[in-house]
Amino acid sequence: MRSGEIMKAVGDSCSVVVAAVGQEKINRFGEVHGTNGRTHTDPEFAENSVFKGVIVQGTLVLAPVLEALKRIYGAKRWLAGGEIETKFTSFTRPHDVVTAVFEVKEVGEAGMTIAYVCTKDDGTVVQMGTAKA
Amino acid sequence: MQFDGTNYESLTEGQSFSTVEFSITKSMNMDFQSCFSFSFSDDESANTGQEEDRNEFVNPVLIANFSVMKEALAWPTGVLHARELMCVYEGVACDEPLLMKMRVKNKLIKKDRKFLVLELQAYKRQSGIMALEVERTLVWP
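If you read the protein sequences in the order shown, they are chains A and B. The first sequence finishes on residue 323 if you use our numbering, and the numbering steps up by one all the way, no holes. The second sequence finishes on residue 155 if you use our numbering, and the numbering steps up by one all the way, no holes.
Please note that the accuracy of each hint is not assured.
[What the hints assert, rightly or not] In silico DSS-like links for lysine-lysine, alpha-carbon gap of 25 angstroms or less:
(1) B:Lys124 x A:Lys277
(2) A:Lys277 x B:Lys125
(3) B:Lys119 x A:Lys266
(4) A:Lys277 x B:Lys119
(5) B:Lys124 x A:Lys242
(6) A:Lys215 x B:Lys124
(7) A:Lys322 x B:Lys128
(8) A:Lys266 x B:Lys40
(9) B:Lys138 x A:Lys215
(10) B:Lys125 x A:Lys242
(11) A:Lys277 x B:Lys84
(12) A:Lys310 x A:Lys295
(13) A:Lys215 x B:Lys84
(14) A:Lys242 x A:Lys277
(15) A:Lys242 x B:Lys128
(16) A:Lys242 x A:Lys310
(17) B:Lys138 x B:Lys124
(18) A:Lys322 x B:Lys138
(19) B:Lys40 x A:Lys277
(20) A:Lys295 x A:Lys198
(21) A:Lys277 x B:Lys115
Since the hints were made in silico from the structure, they are not lab data.
Looking at chain A on its own, in the form it has when it is part of the complex (with noise of 0.2 angstroms):
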């Protein structure tokens, strides 16, 4: 299915690719966002640290999702009403690639549910949740 233009149907679907980040735009992300944690931004404390290296920023993998989710409703509608949920199951790592795919669950007079899974190439899901509009 193509960029999700056509999803209309329960069941209908298409996926995302989110490209990798590196440690320039995790910082840059940071700075712009306010995300700036050296959890994030320091890679000699995040290797320190509890968590064992540096972690993306869950929203900077949540940023393209709602940029995908504007596209798939279309702009109008989705600022005029749409609503996500998201849970942030697991870490992204510097130069993880992430595939979000969208699932029509739900078509009716209140609107379109999408469930929506983010997951790493190694199978570990990141991030999840519905949205609606």
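Given chain A, work out where chain B should sit, using these hints.
Positioned in the frame of chain A, the structure of chain B alone reads:
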């Protein structure tokens, strides 16, 4: 590691913080958009930060940025982001003046983990319309 932020015990349910005035500049939005790219699996090219439709409205993640929250709350090292509920009511353009209201919606301890649920509401300063509402669940160290 020395504790370097607001103490969990000092926060109370219902506690409100000072309203923060802010806006997202074009430069901030461009920086934000340049940090990530994605592509639908059957598209030939990735969607980059230069796309016009990505710059027309500010991504809700950037509106609900943590910098605004940190103006109200001293942020200790090691906070984990567990859950986010976002309701988008109206698109926000770059440079649009906004007000962020924030309060502690809930506190709970489960399996020795200290959860803090914050409610954030972003209003358009000129119209008074709520543009975005966020319920953010954090695990406090």
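### Query
Is Lys322 (chain A) close enough to Lys128 (chain B), meaning Cα to Cα at most 25 angstroms?
Distance ~29 angstroms between Lys322 (chain A) and Lys128 (chain B) Cα, so the pair is violated.
### Query
Going straight from one Cα to the other, do Lys242 (chain A) and Lys310 (chain A) come out at no more than 25 angstroms?
holds, 18 angstroms
### Query
Holds or violated: Lys310 (chain A) with Lys295 (chain A), Cα cutoff 25 angstroms?
holds, 23 angstroms
### Task
Please work out if Lys277 (chain A) and Lys84 (chain B) have their alpha carbons no farther apart than 25 angstroms.
holds, 22 angstroms
### Query
Is the hinted pair Lys322 (chain A) and Lys138 (chain B) satisfied, with a Cα-Cα distance of at most 25 angstroms?
holds, 23 angstroms
### Message
Check the hint pairing Lys277 (chain A) with Lys119 (chain B) against an upper bound of 25 angstroms on the C-alpha distance.
### Response
holds, 18 angstroms
### Query
Between Lys277 (chain A) and Lys115 (chain B), does the CA-CA distance stay at or below 25 angstroms?
holds, 23 angstroms
### Query
Between Lys295 (chain A) and Lys198 (chain A), is the straight-line Cα distance small enough, at 25 angstroms or below?
holds, 10 angstroms
### Message
Hinted pair, alpha-carbon criterion (25 angstroms max): Lys125 (chain B), Lys242 (chain A). Please report holds or violated.
### Response
holds, 22 angstroms
### Query
Is the hinted pair Lys119 (chain B) and Lys266 (chain A) satisfied, with a Cα-Cα distance of at most 25 angstroms?
Given that 25 angstroms is the threshold and the Cα spacing comes to 30 angstroms, the pair is violated.
### Message
Would the hint linking Lys277 (chain A) and Lys125 (chain B) be met if the CA-CA limit is 25 angstroms?
### Response
holds, 18 angstroms
### Task
Would you check the hint for Lys138 (chain B) and Lys215 (chain A), treating anything up to 25 angstroms between C-alpha atoms as holding?
Roughly 29 angstroms separates the two Cα atoms, so the pair is violated.
The earlier numbered hints that this structure contradicts are 3, 6, 7, 9, 17, 19.
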